Amino acid sequence: MHEIVERIKNKDVRALARAITMVENDHPEKLELLSDIFSLKKHALYVGLTGSPGAGKSSLVNRLISHIRQEGKTVAVIAVDPTSPFSGGALLGDRVRMNEHFTDDGVFIRSMATRGSLGGLARATKDAVRICDAYGYDVVIVETVGVGQSELDIMKIVDTTAVVMTPNSGDVLQIFKAGIMEIADLFVINKADLHGVGKLKALLKELVMMTATEKHMTSIVKTITTENKGIDKLWAKIKEHHDYLYRTEEGRKQRIQQQELEIYELIREEIWRDVRNYLESNNELATIEADSDPYKLASKWYEQWKKEGERK
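Counting from 1, one number per residue, gives the positions in the sequence shown under the working numbering.
Don't read these hints as lab results, they were simulated from the structure. Keep in mind the model is a prediction, meaning the values are calculated, not measured. Where a beta carbon is used, it is the ideal one built from N, C-alpha and C, also for glycine. Wrong hints could be hidden among the right ones.
Label-pair distances were calculated between CB atoms; the ranges are [to be verified]:
{"id": "1", "residue 1": "A236", "residue 2": "E100", "range": "21 to 27 Å"}
{"id": "2", "residue 1": "P294", "residue 2": "G72", "range": "52 to 58 Å"}
{"id": "3", "residue 1": "L40", "residue 2": "K306", "range": "34 to 40 Å"}
{"id": "4", "residue 1": "H195", "residue 2": "D104", "range": "31 to 37 Å"}
{"id": "5", "residue 1": "S35", "residue 2": "D274", "range": "16 to 22 Å"}
{"id": "6", "residue 1": "G72", "residue 2": "N277", "range": "44 to 50 Å"}
{"id": "7", "residue 1": "E71", "residue 2": "R311", "range": "54 to 60 Å"}
{"id": "8", "residue 1": "T226", "residue 2": "Y295", "range": "46 to 52 Å"}
{"id": "9", "residue 1": "L40", "residue 2": "R255", "range": "17 to 23 Å"}
Cross-link-like lysine-lysine pairs, in silico, PhoX-like; alpha carbons within 25 Å at most [what the hints assert, rightly or not]:
{"id": "10", "residue 1": "K30", "residue 2": "K42"}
{"id": "11", "residue 1": "K201", "residue 2": "K229"}
{"id": "12", "residue 1": "K156", "residue 2": "K239"}
{"id": "13", "residue 1": "K30", "residue 2": "K9"}
{"id": "14", "residue 1": "K9", "residue 2": "K41"}
Starting from the given sequences, assemble the full structure and let the hints guide the process.
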């Protein structure tokens, strides 16, 4: 077993942080490390919170951490943030709204940069979640930046996805985006003390009825983080959905679909890495001009890469 994984088994939090850094940086020993990590899987509860910027996701996570800790459970938070164009690091790395938990041994908070990955989620996020699970955290929360396709991407990583919305913020239009209804296991109307909450909830109810099954209906929860209201109900609905996933046939099918998506994602990553290495080793990228036809080059290099593989 990898030396860092041995340290993680012994609850070495520095080893935990080091392991996440290794997968973020695509360390040569990454696959060996992750294989050993997978063998330690403890089936933590994976929760994802996504939504538009300004919806109050970080404040909501902060309250949720406190509530979960009151039950005696440990919590890891992976916060996926935009990437600095200069350092490549996470712009919101301080997570100032969660600073009250930094001295709590039962809470681990890690910011990860998107680094331009498709969907807004760091490619290493799923690996980081599994590492936190292997360490022994009871609950792993993934908070996304909530931009572009990150709402759709998060379903590949967590068991339960909560889409956070606020009244009068334009979020109503976001509901109609392709895929949002399909990935939302739970809708959270945050800042529910604002005007317009009734209208938003009524619209959500209509949409939920359209997609409901006999065994499962997407829940809608109202929260007010400034007053710590609705957090207990939110946590109850998260646990209720988790039970549904692991006790019903419909839930089992959903988990299998998630596994298929992850496998396709991993295959795509490996192909992309292989193609990139081929192009760089053959200095093909040096031939690109400002007005080069990207479609022709992509098709040409892809065919060259395939032929190279056939010769091997």
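Comparing the hints with the structure gives:
A hinted range of 21 to 27 Å for the beta carbons of A236 and E100 is consistent with their spacing of about 23 Å. For P294 and G72, the Cβ-Cβ distance of about 54 Å falls inside the hinted range of 52 to 58 Å, so the restraint holds. Separated by about 37 Å at the C-beta atoms, L40 and K306 satisfy the suggested range of 34 to 40 Å. Restraint check, H195 to D104: a C-beta distance of roughly 36 Å satisfies the suggested window 31 to 37 Å.
For the pair S35 and D274, the beta carbons lie near 20 Å from each other, so the given range of 16 to 22 Å is met. As the Cβ distance of G72 to N277 is approximately 48 Å, the hint placing it in 44 to 50 Å holds. For the pair E71 and R311, the beta carbons lie near 59 Å from each other, so the given range of 54 to 60 Å is met. Roughly 51 Å separates the CB atoms of T226 and Y295, a value that falls within the hinted 46 to 52 Å.
With their beta carbons about 19 Å apart, L40 and R255 fall inside the hinted range of 17 to 23 Å. As the CA atoms of K30 and K42 are separated by approximately 20 Å, the hinted pair is consistent with the 25 Å bound. For the proposed pair K201 and K229, the alpha carbon gap of about 17 Å is at most 25 Å, so the pair holds. Between the alpha carbons of K156 and K239 the distance comes to roughly 19 Å, so the proposed pair stays at or under 25 Å and holds.
A threshold of 25 Å between alpha carbons decides the hint, and for K30 with K9 the separation of about 17 Å falls inside it, so the pair holds. A C-alpha spacing of about 11 Å is found between K9 and K41, which places the hinted pair at or below 25 Å, so the restraint holds.
Checked against the numbered hints given earlier, the structure satisfies every one of them.
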